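**Q** All chains should be built: construct the whole structure from the sequences, respecting the hints.
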Amino acid sequence: MFLALQLRRRGAQVTVLEAAGRAGGLAEPDVIGGYTWDRFYHVILLSDLHTRALLEELGLTDSLRWGVTRTGFYTDGKLYSLSDSLEFLRFPPLSLIDKFRLGGTIFLASRLKDWRALERQGCVEWLRKWSGRRVVEKIWLPLLKSKLGENYRIASAAFIWTIIARMYAARRSGLKREMFGYVDGGYARVLEALERKLVEEGVQIRYGARVQQVTDDGNSVRVSLDGGQEETFDALAATVPTGAIARLCPQLDAQEKTRLQEVTYQGIACASMLTRKPLGPYYVTNITDRWVPFTGVIEMTALVDRERFGGNSLVYLPCYLTQDDAYWRKSDEDIREEFLAALERMYPDFRREDVLAFNVSRARQVLAISTLGYSQKLLPPVRTSLPNVFVLNSAQIAAGTLNVNETLGVVHENLDTLVRGLAASPEGPTRSANEKHQRGAR
-17 MFLALQLRRR GAQVTVLEAA GRAGGLAEPD VIGGYTWDRF YHVILLSDLH TRALLEELGL
43 TDSLRWGVTR TGFYTDGKLY SLSDSLEFLR FPPLSLIDKF RLGGTIFLAS RLKDWRALER
103 QGCVEWLRKW SGRRVVEKIW LPLLKSKLGE NYRIASAAFI WTIIARMYAA RRSGLKREMF
163 GYVDGGYARV LEALERKLVE EGVQIRYGAR VQQVTDDGNS VRVSLDGGQE ETFDALAATV
223 PTGAIARLCP QLDAQEKTRL QEVTYQGIAC ASMLTRKPLG PYYVTNITDR WVPFTGVIEM
283 TALVDRERFG GNSLVYLPCY LTQDDAYWRK SDEDIREEFL AALERMYPDF RREDVLAFNV
343 SRARQVLAIS TLGYSQKLLP PVRTSLPNVF VLNSAQIAAG TLNVNETLGV VHENLDTLVR
403 GLAASPEGPT RSANEKHQRG AR
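Numbering (the numbering used here) for the sequence shown: -17 to 424.
Think of the hints as simulated: they come from the structure by calculation, not from any bench. Misleading hints may appear alongside valid ones.
[As the list claims (entries may be wrong)] Derived DMTMM-like pairs: lysine to aspartate or glutamate, alpha-carbon spacing no greater than 25 Å straight-line:
1) Lys127 - Glu335
2) Lys127 - Asp58
3) Lys259 - Glu335
4) Lys60 - Glu319
5) Lys60 - Glu335
[What the hints assert, rightly or not] Just the calculated beta-carbon pair ranges, DEER-fashion:
6) Glu107 - Gly167: 37 to 45 Å
7) Gly(-7) - Ala236: 29 to 37 Å
8) Leu61 - Ala405: 56 to 64 Å
Quantities reported herein were computed from a predicted structural model and do not represent experimental measurements. Heads up, the beta-carbon is just placed ideally off N, CA and C, and yes, glycines get one too.
**A** Printed below as a string of structure tokens:
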């Protein structure tokens, strides 16, 4: 949607083709116990300048709320606070030497500028070199698994570098507490305002328009939709995951298809739970114990006022998955049973009868993993072998983690390249389609 807005302002007539019935993708809202909030958890950092600029343009700056949060660690069956420097020094699972090595690793990573060199090293291998085995087991692996699940095994060191950079961006001076923000009302308000802006500026948005095939005849692009309908555009920018692009565009050459198909995507099954009582005081609780079925506990109401949810607490329980994980085949009821049983074991005061709502959301293709040599081997270029078909998607985040700000950054970084490509098309940048598939199934 942001790409469509920018293309329109460059003079293109733009149509957004969206497979889903409404806007949002991974930022799509959901109804949880009668309250509308994000389907997956999101926060905004002070350093998220692209996001903040968009919110200002949409007139939502006054709806942006900021708060200081705390961080917990669940390790060896116990819950610890790790929210400031003093708690870090007292953290029992790590020795003084461990803490020194951990601090040194963070300091080193915060000073590194050449992230491409880190692409040549495995993430865990690099962390063990600088932090040592125990710090990796107690700190880094839980953080990696909270974002990558078992895909942490194939991630490059560039991935953890981006995690550290974003983590430090959330900190302020003093005791280095985390400062996070959110839009009052969640991303539902952002999407509604962005949709209004697009319509006002003349962008056409078509929901329920699932693309089946894209054909480029050298002069224009023919888009085949569900139901047999076909439409023709001067050019098309595909914002869907890379594997979908390879599937939808059969004319791409074999080498190009292979490159697109070899990008490894991270998936997620995430429960959103509304409960009468908070689990604890932490926004995020990282988990080291492997018996816990989810990879973290995100208590949104440690940041958002509980009155927004009738005095109740909103909790997210994410489980990051590889594409072949058995969890994809689990029913919502099976996931509910496993997750609630784990919460009972982790939190002695937790009671199932306090749970007012329990939703399960799934998305197969969430994050393109930064594997070894990713920017050179797999990162998709904007231009394809087809003269009128272009790629602009989150797999082009070369040095960052997936979030709204990085996604907007992809547009900023690649827009000029895309516009030059459109200008070189036979008809010029007079009409274009920004095609966006639904990213995952519930």
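**Q** For each hint, tell me whether it holds in the structure or not.
**A** We went through each hint and held it up to the structure:
no.	hint	result
1	Lys127 - Glu335	violated, 30 Å
2	Lys127 - Asp58	holds, 16 Å
3	Lys259 - Glu335	holds, 11 Å
4	Lys60 - Glu319	holds, 22 Å
5	Lys60 - Glu335	holds, 24 Å
6	Glu107 - Gly167: 37 to 45 Å	holds, 43 Å
7	Gly(-7) - Ala236: 29 to 37 Å	holds, 35 Å
8	Leu61 - Ala405: 56 to 64 Å	holds, 57 Å
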